[in-house]
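Engineer: Given next are the chains, with one letter for each unit.
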Amino acid sequence: MSAKTSKILHTEDWLAVWIGFIIIAVGLVAVLTGAFDFSALKFKTWTVGEQLTGAAAAKAVPLGQQLASGAFWLKMLLTAAVLGVLFTVGAKLTGEKVSRFVPAFVGVFLLSVVVRLVSAEFTLNRYLEWAFWALIVGMLISNTVGTPKWLKPAVRTEFYIKTGLVVMGFSVLFSNIAKFGLYGLGIAWMVTPVVILFMWWFGTKVLKMDNKPLVITMASATSVCGTSAAIASGAASNCKKDDLTMTISISIIFTVLMMVFEPLIIRAFGMSPIMGGALIGGTVDSTGAVAVAGSVLGGEAEKAAVLVKMIQNILIGFIAFFVALFFATRVDRKSGQKVGAGEIWTRFPKFIIGFFVASLVASFVVLPLAGADQVKAVNGVLDQYKNWCFVLAFVSIGLDTNFRDIARQMKGGKPLWLYIVGQTFNIVLTFAMVWFLLSGAVFPIPTLD
Amino acid sequence: MRHPKRSLTAGSIAALIVGAVVLGAAVYIMVNGLGLNPDLDFGAGAYYYADIPDYQQTLDWDSYTARLPFVVYLLLFLAWGFLMWCIWKRLDRKQ
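First to last, the protein sequences are chains W and R.
Per this note's numbering: the first sequence = residues 1 to 449.
Per this note's numbering: the second sequence = residues 1 to 95.
Chain W extracted, bound-state conformation (with noise of 0.2 Å):
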């Protein structure tokens, strides 16, 4: 075997491609053909004693009833399986030993199952979901009992991140970039990559970080859309586990905050909801948050938040490219060094090809001829692997993670005034586009059906 193809079958950057390749194709067969059902395991809604009203009431179920239901134990092993035989063949050709890394995936897997069903919970799944409990629970074991031995084989953070990326980017539609015209270009386009721009100036030469990944990972997760922006940023750039820990906690403590007070600001300044639907798209990190606030204003801001922030989630792909390029290129090269192509191919992180691969695919192949609702189908079961491949790799993370090395990485506050002035920048700036297009005076104000 040479040595080129060993390197595609046997390195976890490209293991991940394929892996992510075979979960869409498998996706896409089970949605288009109708011949079987490949969604994986989600826990439905379930209270400890809310009182509910409206859809979510209707929504919920209680714990007990999921539990006894065999639709919900099929759909556990479907979940374990697939994900349980992918990687452990990725593992094995990794060089892993198959019988060390299945009773540790298994331990892994069981751990993310008691994630998402504690995320499920009412309260908790409306402001903070897998993410914050997946670190929290990892963190728990590894910084109480410590991590068992037997369970590292199948701490892989990189290998999860990266395969659940590429199955991310069916999702990221380039399409996109036109649903909203020049208002949600200019809104959405312009302004993100210059906060991102300002964030690495002002935290790598006002704060003086010289941890540059830290850096374009939180102003990623400021400027684009939160955890999503930063998981993919933070792989680009090859950062730390502490740096993705401490930048997704930030945002996500941050936009339970701006999802509540935002519209209340935008409201008591007299906004059109236009307007106001448009700042909050632009500024609040996460979707769900953006459509929530958004309504807050009314439909026409609802509809307005949620054209914007669209933009947003597909720009996820350009700049995790143009990250990990720069990293390539400039950052991780040495003074004086110059880099040339056959180098840069080496260093480039090839998930994020499988990234880009998977999103032109479904962006012009599969949308023009299997059309918009069978994507959107396509992208509802695989959002979920999406999602059971980052549970792994946040518990991984925990499981990996030591409370006083976060400490050590706040760094007098510093990642915290970066997150702070870079999203009061990213405000004022998305405010002035917003006024700029969509306030009448400049441009005529359009209309949403």
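Just so you know, these hints were derived from the structure itself, not from any lab.
None of the values given here were measured: they were computed from a predicted structure.
Glycine included, each C-beta is placed from N, C-alpha and C at the ideal position.
Incorrect hints may have been included.
[Said to hold, decoys possible] The calculated lysine-lysine pairs, modelled on DSS-like cross-linking and capped at a C-alpha distance of 25 Å, are:
#1 W:LYS212 <-> R:LYS89
#2 W:LYS240 <-> W:LYS411
#3 W:LYS97 <-> W:LYS59
#4 W:LYS212 <-> W:LYS411
#5 W:LYS240 <-> W:LYS152
#6 W:LYS44 <-> W:LYS376
#7 W:LYS350 <-> W:LYS240
#8 W:LYS59 <-> W:LYS44
#9 W:LYS338 <-> R:LYS89
#10 W:LYS205 <-> W:LYS7
#11 R:LYS89 <-> W:LYS350
#12 W:LYS149 <-> W:LYS7
#13 W:LYS149 <-> W:LYS240
#14 R:LYS89 <-> W:LYS92
#15 R:LYS89 <-> W:LYS240
#16 W:LYS208 <-> R:LYS89
#17 W:LYS152 <-> W:LYS92
#18 W:LYS97 <-> W:LYS42
[What the hints assert, rightly or not] According to the in silico footprint, chain R covers these stretches of chain W (three or more CB under 8 Å from chain R):
#19 171–178
#20 182–189
#21 252–261
#22 294–308
#23 405–415
[Claimed, not checked] Covered by chain R, according to a simulated footprint, are these stretches of chain W (three or more residues, beta-carbon under 8 Å):
#24 102–116
#25 125–132
#26 224–233
#27 338–352
Model the placement of chain R on the given structure of chain W, informed by the hints.
Structural biologist: Just chain R, lined up with the frame of chain W:
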């Protein structure tokens, strides 16, 4: 190996205070269920658009009809991205 003794700077004390206030406010919001819409079956925990339950029906993302051909948006998108890439490289060189 002994670690050098670290002193608390004004920045780190301010960060501690801000962090505690933010965390306290987030806990208060969660305990009291603030900011949620009872008609929407999700919240800030849906990080990505596909995480939103039944997002195919829930998200109204075809509410605007773009007037220009797709290629115009694509070219503007790429041109702005290229400009930002050049600025980023320049910004990094100056440091």
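Engineer: Hint by hint, note whether the structure agrees.
Structural biologist: Against the structure, the hints come out as follows:
1. W:LYS212 <-> R:LYS89: holds (14 Å)
2. W:LYS240 <-> W:LYS411: holds (15 Å)
3. W:LYS97 <-> W:LYS59: violated (43 Å)
4. W:LYS212 <-> W:LYS411: holds (14 Å)
5. W:LYS240 <-> W:LYS152: holds (18 Å)
6. W:LYS44 <-> W:LYS376: Since the Cα atoms of LYS44 (chain W) and LYS376 (chain W) sit roughly 20 Å apart, the hinted pair holds (cutoff 25 Å).
7. W:LYS350 <-> W:LYS240: holds (18 Å)
8. W:LYS59 <-> W:LYS44: holds (8 Å)
9. W:LYS338 <-> R:LYS89: Given pair LYS338 (chain W), LYS89 (chain R) holds - Cα atoms ~15 Å apart, limit 25 Å.
10. W:LYS205 <-> W:LYS7: Given pair LYS205 (chain W), LYS7 (chain W) is violated - Cα atoms ~38 Å apart, limit 25 Å.
11. R:LYS89 <-> W:LYS350: Given that 25 Å is the threshold and the Cα spacing comes to 22 Å, the pair holds.
12. W:LYS149 <-> W:LYS7: violated (28 Å)
13. W:LYS149 <-> W:LYS240: holds (21 Å)
14. R:LYS89 <-> W:LYS92: Not satisfied, since the Cα-Cα distance of roughly 40 Å exceeds 25 Å.
15. R:LYS89 <-> W:LYS240: The given pair, whose Cα atoms are some 23 Å apart, holds under the 25 Å limit.
16. W:LYS208 <-> R:LYS89: holds (18 Å)
17. W:LYS152 <-> W:LYS92: The hint holds at about 15 Å.
18. W:LYS97 <-> W:LYS42: Not satisfied, since the Cα-Cα distance of roughly 30 Å exceeds 25 Å.
19. 171–178: It holds, with 6 qualifying residues against the three required.
20. 182–189: It holds: at least three residues are needed, and the segment 182–189 of chain W offers 5 whose Cβ sits within less than 8 Å of chain R.
21. 252–261: holds (count 8)
22. 294–308: holds (count 6)
23. 405–415: holds (count 4)
24. 102–116: This one is violated; 0 residues, fewer than the three required, reach chain R with a Cβ under 8 Å.
25. 125–132: holds (count 7)
26. 224–233: Contact hint for the segment 224–233 of chain W vs chain R: holds, 4 residues under 8 Å.
27. 338–352: violated (count 0)
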